[in-house]
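In case you want the letters, here they are:
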Amino acid sequence: MLAYIFRRILILIPTILGISIIVFFMLRITPGDPAELLLGERATDEALHQIREHLGLNKPVYVQYGMFLKRLMKGDLGETIWTRQKVWTEIKERFPATMELSVVALLISCFFGILFGIISATRQYSVFDYLSMLGALIGVSMPIFWLGLVLMLIFSLNLGWLPMSGRLSVGIDLKTITNFYILDAVLTQNWAALKDALWHIIMPAVTLSTIPTAIVARMTRSSMLEVLHQDYIKTAKAKGLSRFTVTFKHALRNALIPVVTTIGLQFGVTLGGAILTETIFAWPGVGKWMFDAVMKRDYMVIQGGTMFIAMLFVLINLVVDVLYAVINPRISMH
Amino acid sequence: MLKKITLFSAVLLFLFSSSMVAAAPKSGGTLIFGRGGDSVGLDPAYETDGNSFMICDNIFEALVFYADESTALEPGLAKSWDIAPDGKTYTFHLRKGVKFHDGTPFDADAVVFSIGRMMKNRNVKFYGKSLEIPAQDRTPEYWVSMEMDDTIGSIEATDEYTVVFKLKRVEAPFLANMGMDFADIISPTAFLKNPKEFIRMPVGTGPFKFVKWVKDDQIILEKNKNYWDKSAGPYLDKIVFRSIPENSVRFLELKAGNIHICQFPNPADIAMAKKDKNLILPTQPGMNIGYLSFNHTKEPWKSNLSLRMAIAHAIDRKAIVDNLYQGMGQVAKNCIPPTMWGYNDKIPGYSFDLKLANEYLAKAGFPEGKGLPEITLWSMPVPRPYNPEGLKIGVAMSADLAKIGIKARIVSYDWGTYLKRQREQPEDMDLFQLGWTGDNGDPDNFLAVLFDGLASSSIRTQWKNEEYHKLMLQGKQTVDQAKRTEIYKKALQVMYDECPVIPVAHSTVIWPSLKNVMNFKLHPTSSVRMKNVWLK
Numbered sequence: 013m014l015a016y017i018f019r020r021i022l023i024l025i026p027t028i029l030g031i032s033i034i035v036f037f038m039l040r041i042t043p044g045d046p047a048e049l050l051l052g053e054r055a056t057d058e059a060l061h062q063i064r065e066h067l068g069l070n071k072p073v074y075v076q077y078g079m080f081l082k083r084l085m086k087g088d089l090g091e092t093i094w095t096r097q098k099v100w101t102e103i104k105e106r107f108p109a110t111m112e113l114s115v116v117a118l119l120i121s122c123f124f125g126i127l128f129g130i131i132s133a134t135r136q137y138s139v140f141d142y143l144s145m146l147g148a149l150i151g152v153s154m155p156i157f158w159l160g161l162v163l164m165l166i167f168s169l170n171l172g173w174l175p176m177s178g179r180l181s182v183g184i185d186l187k188t189i190t191n192f193y194i195l196d197a198v199l200t201q202n203w204a205a206l207k208d209a210l211w212h213i214i215m216p217a218v219t220l221s222t223i224p225t226a227i228v229a230r231m232t233r234s235s236m237l238e239v240l241h242q243d244y245i246k247t248a249k250a251k252g253l254s255r256f257t258v259t260f261k262h263a264l265r266n267a268l269i270p271v272v273t274t275i276g277l278q279f280g281v282t283l284g285g286a287i288l289t290e291t292i293f294a295w296p297g298v299g300k301w302m303f304d305a306v307m308k309r310d311y312m313v314i315q316g317g318t319m320f321i322a323m324l325f326v327l328i329n330l331v332v333d334v335l336y337a338v339i340n341p342r343i344s345m346h
Numbered sequence: 135m136l137k138k139i140t141l142f143s144a145v146l147l148f149l150f151s152s153s154m155v156a157a158a159p160k161s162g163g164t165l166i167f168g169r170g171g172d173s174v175g176l177d178p179a180y181e182t183d184g185n186s187f188m189i190c191d192n193i194f195e196a197l198v199f200y201a202d203e204s205t206a207l208e209p210g211l212a213k214s215w216d217i218a219p220d221g222k223t224y225t226f227h228l229r230k231g232v233k234f235h236d237g238t239p240f241d242a243d244a245v246v247f248s249i250g251r252m253m254k255n256r257n258v259k260f261y262g263k264s265l266e267i268p269a270q271d272r273t274p275e276y277w278v279s280m281e282m283d284d285t286i287g288s289i290e291a292t293d294e295y296t297v298v299f300k301l302k303r304v305e306a307p308f309l310a311n312m313g314m315d316f317a318d319i320i321s322p323t324a325f326l327k328n329p330k331e332f333i334r335m336p337v338g339t340g341p342f343k344f345v346k347w348v349k350d351d352q353i354i355l356e357k358n359k360n361y362w363d364k365s366a367g368p369y370l371d372k373i374v375f376r377s378i379p380e381n382s383v384r385f386l387e388l389k390a391g392n393i394h395i396c397q398f399p400n401p402a403d404i405a406m407a408k409k410d411k412n413l414i415l416p417t418q419p420g421m422n423i424g425y426l427s428f429n430h431t432k433e434p435w436k437s438n439l440s441l442r443m444a445i446a447h448a449i450d451r452k453a454i455v456d457n458l459y460q461g462m463g464q465v466a467k468n469c470i471p472p473t474m475w476g477y478n479d480k481i482p483g484y485s486f487d488l489k490l491a492n493e494y495l496a497k498a499g500f501p502e503g504k505g506l507p508e509i510t511l512w513s514m515p516v517p518r519p520y521n522p523e524g525l526k527i528g529v530a531m532s533a534d535l536a537k538i539g540i541k542a543r544i545v546s547y548d549w550g551t552y553l554k555r556q557r558e559q560p561e562d563m564d565l566f567q568l569g570w571t572g573d574n575g576d577p578d579n580f581l582a583v584l585f586d587g588l589a590s591s592s593i594r595t596q597w598k599n600e601e602y603h604k605l606m607l608q609g610k611q612t613v614d615q616a617k618r619t620e621i622y623k624k625a626l627q628v629m630y631d632e633c634p635v636i637p638v639a640h641s642t643v644i645w646p647s648l649k650n651v652m653n654f655k656l657h658p659t660s661s662v663r664m665k666n667v668w669l670k
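Top line first, the protein sequences correspond to chains A and B. Under our numbering, think of the first position of the first sequence as 13, with each following residue one higher. Under our numbering, think of the first position of the second sequence as 135, with each following residue one higher.
Among the clues, some could well be false.
As the list claims (entries may be wrong) - Keeping only pairs whose Cα atoms sit at most 20 Å apart, straight-line, the calculated EDC-like set for lysine to aspartate or glutamate is: (1) K330(B) with D88(A); (2) K308(A) with D548(B); (3) K554(B) with D141(A); (4) K302(B) with E58(A); (5) K104(A) with E331(B); (6) K452(B) with D479(B); (7) K330(B) with E91(A); (8) K308(A) with D183(B); (9) K598(B) with D57(A); (10) K254(B) with E58(A); (11) K554(B) with E91(A); (12) K554(B) with D196(A); (13) K554(B) with E65(A); (14) K349(B) with E53(A); (15) K98(A) with E356(B); (16) K623(B) with E601(B); (17) K346(B) with D57(A); (18) K346(B) with D196(A); (19) K349(B) with E91(A); (20) K187(A) with D631(B); (21) K554(B) with D45(A); (22) K357(B) with D185(A).
As the list claims (entries may be wrong) - In silico contact screen, one side only, chain A against chain B (beta carbon under 10 Å); selected entries: (23) T42; (24) L49; (25) F293; (26) D333.
Claimed, not checked - Selected chain B positions facing chain A (in silico; Cβ < 8 Å): (27) N255; (28) K259; (29) E275; (30) I378.
Think of the hints as simulated: they come from the structure by calculation, not from any bench. Just so it is clear, the structure is predicted and the values come from calculations on it, not from any experiment. Every residue gets a Cβ at the ideal spot worked out from N, C-alpha and C, and that includes glycine.
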């Protein structure tokens, strides 16, 4: 197992090199110039020249790439063009927000997705099956933006149950340690902040979870249906095992493998930036940050942010692969 | 009897006037300001965006202040100044007893340090212990684009509270420039402690102190209890600037009473705000201009005045302002906003008159548009304060031009490319939209910077007119404002006659706020000053 993990980590190197080449050169091909955008209407030749020189943008592209790679090898993602801060500092400030939101959204998705998937599969062609699959279809196709605003209008403006946007109410003081607010509130035993943080995360997490829930539900259903028709299930039933044991102990465990893959992928997607959800709910995460960077052509943020997320994505895939073995010992690690 | 009547009227007058006096400001409370984006950094010398400046406006101060509701100049950290007869030496006498938020005293050396650090050749002299100014790891963009290195020769602290600026040339807008954000005075001690971190830990002399910054979420400021000006404010205990990127959500937060002020709402929400009894609508004509220019580096635009006039009279600018600015603007007749001194109200503006446009077109040698090949109309891809809907406005203009037989094709690029290519004045550009938001309230900041093509190849319009150029130089070199007013009025007349660009509109800024927010005023420079604001 350890050798397998080590091998997988080694494969990371060419993957990351490939990603760095693609990101770097695609950015350079994309029209738009950070210096022009920084100065806007007031750009003068002199000012543009000075900025390009400061940022090293007037050096040949291959030299710029070399510098980028050299820094990358030292684990340095460089400095942003707009805020003149270390890209890593900026990621550290924003990533916990995204991670927290993604984890909660994914927990919601797993719970409801798998639950609805199982019930649909075990009661195939029943009213519940049709309803939950219709729900999944709606979940996948509902515009996030619209859903977010509707939730806000109902639960915040009209009912006043949930806060509209942000991570914490103004006036709630929380000593941040990890920047994961829920975790920090628990660590500092600040229960008022914990309640406030949980209240704030409900709507964005529900909004973000709609698509993954739908995908997980459909995947669970089809995978379960396939497994339920296998001979060993019939055997299990014939042995007189209870319906619960057959479904959860025998069928589900085998049906979960493709579902875990799906969940892993969805996790990667939400981590890479729930741009819309973050924008609507004023959630200060990496998605909105990277999107703004694209609009401003902040090369350093885009490069650094993409490299970070790519590495994370690859790592999640690795974890998923390891999970396979835990779920199903028949899959060996070669 | 007469005495009684007088007494009676005196009492009445007293009662009436006391009811007229606004309620006395109340101290305390936290104001939450909802805005569209986070600040980039908080070192005024290096910032370029409004969201950064609005925080700096409350933490830092400059030698010169702009008046509360105009860009008239008032004493700031300098209580007075003298200008030598040759117009090249400015001596600032500084206020005594002012302290930075870190407790260090504000003095002449702080001024030399703050301004001197932006100079390319640091020709500076301190009065006390000479301070080592670290090398800049960044271009001070405003300093460079305002060509301050060509203006300021040296800065010297001649005693603890006197600073002398020696200029390389007579530059009338210099004093107004010294009121801009980039010229704010910072605490040298705080800066030198950690130069790289200063943009996140700003220390100035202003009415509010920096407390905390959660990136993309909020910036918290608190009252500076030792503020030097005891005459009024600061009243608020705390200000929280919250970033809420989505316009409609920000407005909903205001409606729910969760924020006090909502920056840049959607125009459609303004109508809703007007009906809401809990909201008020502070409004300010923006110090800006959106214009449509001709490519003056190529024919027929360069020398065919009649053709330019034809286009000016063919475009229905009122319809554009009514429908695409959604009423949040006014049709422009000058290229400076009406709130600015130097504005020439005698200019009638180009009327929307198709008959006249057709006559000009015939005179230009293209009767009914015949003989004129399809032209390109560059339309802005992003909303700017002076132009909310570049592409739609382009379509409206093109439809107007079609009415006199001119075919115009809309061209647009991403914003960075648009700006870059426009500066190159390419052959495939005939007409282009652009605009400007003023920096310091000086007409020179519009008229010379945007239209005097003879001054530099960086001028975006590249219109080259000898008479106009002379007037611009005269404007820069005349210190007396009354004389300058006449110069700029004359320059605006030249522009109107020569029609190098078509002024389209000045936009209006409306930021709805809760009813209990008192004394919040939008400033023409779009700076956000919270010193006199209080909560009822």
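Now the hints, each set against the structure:
no.	hint	verdict
1	K330(B) with D88(A)	holds, 17 Å
2	K308(A) with D548(B)	holds, 10 Å
3	K554(B) with D141(A)	violated, 57 Å
4	K302(B) with E58(A)	holds, 18 Å
5	K104(A) with E331(B)	holds, 16 Å
6	K452(B) with D479(B)	holds, 18 Å
7	K330(B) with E91(A)	holds, 12 Å
8	K308(A) with D183(B)	holds, 12 Å
9	K598(B) with D57(A)	holds, 18 Å
10	K254(B) with E58(A)	holds, 12 Å
11	K554(B) with E91(A)	violated, 24 Å
12	K554(B) with D196(A)	violated, 47 Å
13	K554(B) with E65(A)	holds, 17 Å
14	K349(B) with E53(A)	violated, 27 Å
15	K98(A) with E356(B)	violated, 27 Å
16	K623(B) with E601(B)	holds, 13 Å
17	K346(B) with D57(A)	violated, 37 Å
18	K346(B) with D196(A)	holds, 18 Å
19	K349(B) with E91(A)	holds, 16 Å
20	K187(A) with D631(B)	violated, 64 Å
21	K554(B) with D45(A)	holds, 8 Å
22	K357(B) with D185(A)	holds, 18 Å
23	T42	holds, 8 Å
24	L49	holds, 5 Å
25	F293	holds, 8 Å
26	D333	violated, 34 Å
27	N255	violated, 14 Å
28	K259	violated, 25 Å
29	E275	holds, 6 Å
30	I378	holds, 4 Å
The structure shown violates the earlier hints numbered 3, 11, 12, 14, 15, 17, 20, 26, 27 and 28.
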